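Undergrad: Let chain C serve as the given structure and place chain X on it in line with the hints.
Single-letter residue listing:
There are 2 protein chains.
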Amino acid sequence: MDSEQSPIRVALLGGGTVGGAVARKLTSNADALAARVGRPLELVGIAVRRAGRDRSDLGVDPALVTTDAEDLVARADIVVEVIGGFEPARSLILAAMEHGASVVTANKALLAEDGPTLYAAADAHGVDLYYEASVAGAIPILRPIHESLAGDDVRSVLGIVNGTTNFVLDAMDSTGAGYSETVERAQALGYAEADPTADLEGFDAAAKAAILASLAFHTRVSSADVYREGISEVSAGDIEAAREMDCVVKLLSICERVPGEDGDGVSVRVHPAMIPRSHPLASVREAFNAVFVDAAAAGELMFYGQGAGGDPTASAVLGDIVAVARHRVAGGRGPGETAYADLPVLPMGDALTRYHVSLDVADEPGVLAKVAAVFAEQHVSIETVRQQIIEDRDDGRETRGRAQLIVVTHVAPDSALAATVDTLSALPEVAEVTSVMRVVGF
Amino acid sequence: MDSEQSPIRVALLGGGTVGGAVARKLTSNADALAARVGRPLELVGIAVRRAGRDRSDLGVDPALVTTDAEDLVARADIVVEVIGGFEPARSLILAAMEHGASVVTANKALLAEDGPTLYAAADAHGVDLYYEASVAGAIPILRPIHESLAGDDVRSVLGIVNGTTNFVLDAMDSTGAGYSETVERAQALGYAEADPTADLEGFDAAAKAAILASLAFHTRVSSADVYREGISEVSAGDIEAAREMDCVVKLLSICERVPGEDGDGVSVRVHPAMIPRSHPLASVREAFNAVFVDAAAAGELMFYGQGAGGDPTASAVLGDIVAVARHRVAGGRGPGETAYADLPVLPMGDALTRYHVSLDVADEPGVLAKVAAVFAEQHVSIETVRQQIIEDRDDGRETRGRAQLIVVTHVAPDSALAATVDTLSALPEVAEVTSVMRVVGF
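Protein chains in written order, with UniProt numbering: chain C, 1 to 442; chain X, 1 to 442.
Only chain C is shown next, with the shape it has when bound in the complex:
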């Protein structure tokens, strides 16, 4: 065999939905992939956790399936890690790099937790570390931010990067149903896992935010740096309040460069937010993902597609396999981590946000003045205030002599807004703070 045509050996760690899709495509599309890379790709093994299961769904020679992942990574030029979680994924990735293999991974949790260790190992061994599939599934988003926008300056990234939460919020909006009921429906339809905590509490979106912010701002941001609120506190009333503002509620991963007197910082956070129905992100329905990027020269860009699922994730993994395989053929490596900017990650209190606050108040003279004074004390400027009589309540509680006050603020430090809400809750004139939500994208 001509050495130019000696195959590039690919090892797969993980035989689940994504691993299976990657294996099948490597086999069924072998000729086209070889033409694109310049040399054939040979699947040399698939490491799985448990022996003895029927693996016929992988559609590959059963002899390729092994439980000895340590042995497998020593026999490959490219190691594809789609196991997920911290261990054994981390040790196997590091072992692969030590053996000189480039690594393609979809492991957002590991990258967001311990990316610098992996980047350093890739540098030390002169190999590639690619991970397009870790954020927003099939949507090309990391390569555009890291490479296409490498000559521009990213100002902000707003992403809907978790399909489960988007499905739940979208369904609550279209049906008017409550949170728990909608989560159960999402589970029944396969849009939410049996234990949906990582999705619903925003851990998944926070890991993705850390990865996006690191690339966008050339700064190391880990999961622990990301402020996180999930959607479990979002009520049907919040959704209704958003509708009255001609908004929808989305769980957003927000990465912002924040100019400051002593130099810029970055704010990285995940929380539900109201966005106007006219905003491009508002039309992202069901379990789709989208990422909205604002850059100094490019202006506003949006990337939209399927954020999860075996085939879409496999598409991103295979794109990375072809890229790192091309580097094996042509020489060179892809662009690595650039963390030169090293901007400080700001605490949530310093983030500049806007709040929408609905209050159930006594309908009597002077109440609005008192409420307004609380905002003023915190130097929070009010943009609009609307007062309406509360007509009836589903829970049958007394509403006579009460009014609803809906306040939308201008931008202010989140700490000032949070303090304002705390003080309002304690005012005797305020019967209840019925809805508090940040507002984005106006």
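Calculated directly from the structure, the hints in this document are not laboratory data. Quick caveat: nothing in here was measured; it's all calculated off a predicted structure. Watch out, some of these pointers could steer you wrong.
Footprint (simulated), chain X over chain C, 3 or more residues, beta carbon under 8 angstroms [unchecked claim]:
no. : segment
1   : 28 to 34
2   : 110 to 122
3   : 135 to 143
4   : 381 to 388
Positions of the beta carbon are idealized from the N, C-alpha and C atoms, including for glycine.
TA: Showing chain X alone in chain C's frame:
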């Protein structure tokens, strides 16, 4: 000077809007660019056509401006061509490559006309040829198709890639105004050039379609291969007909892989089409661009942003400059042309399309049967037909005893649909074919 830190020399050909924006950003953002590349980028000259003009708007040392482009390309590691047109752009690009420089260009017309010559020269001299800015301005679309989707199979690309025509069609839709009047307004607002032929007649969109199809299908497609219809025949009546179908009219660049018994072919075409208002491309307003990609594993993806303008185009150019500069630093080259698939480009008659046809017919028994027979003769299957009384006409012509017949077909070869329309026009029962337009995206 440490040789690792010796700057990478960048030469700019063209000092217009894009060239000026690139020059300013290279200067103002020098430190960040150096950190991202690993070595400084030094602007060594800007070649302009005419000496003596005031170039202070370029914001660079006037000594850098030269009219001797041949000399300049011999002194650079990276040559950025933003002159446009065929000559002298082509000769200068080839000369730059001969001198060992990598080339970044935004020249869609040249690439679509003579790409293979440029690719071959880049290969022969072992340099990079990058051109992200040639299609859809700031939107990262070529790198995603060529690299992110390199492990997937693109089935189709639908693009709104010409801002002028989108502005005109969007304005006709929102105002109800006619074509000529709207073009004049677009010119007055700076959205259309003094001679807008290349935009309005679809030449610009066709060049971009050729570039998109070449990358998507690993096949050489040139401008001459692209079927092209501009928007100058689109009337206020067509826009109104679209609205009645809950559609909008867009000028689309369409690249499709068409399965065939003797192997696949590709259809590459530019024409106005009705698309449903619910389609993501329908919400692309004013002069924005968007590209919708359908791939076998990834599914549907959309990329959205600004398609033109100095800063947005400069963003794409600078991203390419950083990429090819990184290759200078790290070794290697980016992935070149892959034309291995070499699929035949099908004639327009073989494209599978759907038509919307409005007919002004005699309101008498048997007319519908005659019309339906014409479709049947061509083996064109009708999806819906709607008949309505013509109430009045703006031009005051007689409408009594006449009806409007609106037919939407199923997919059929374009040649059969065109022949159907020809035959219908000649039927004595058909007073006028009032609107014919292809339908996409249902």
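Undergrad: Hint by hint, say whether it matches the structure.
TA: Hint check:
no.: 1; hint: 28 to 34; in the structure: holds (count 3)
no.: 2; hint: 110 to 122; in the structure: violated (count 0)
no.: 3; hint: 135 to 143; in the structure: holds (count 4)
no.: 4; hint: 381 to 388; in the structure: violated (count 0)
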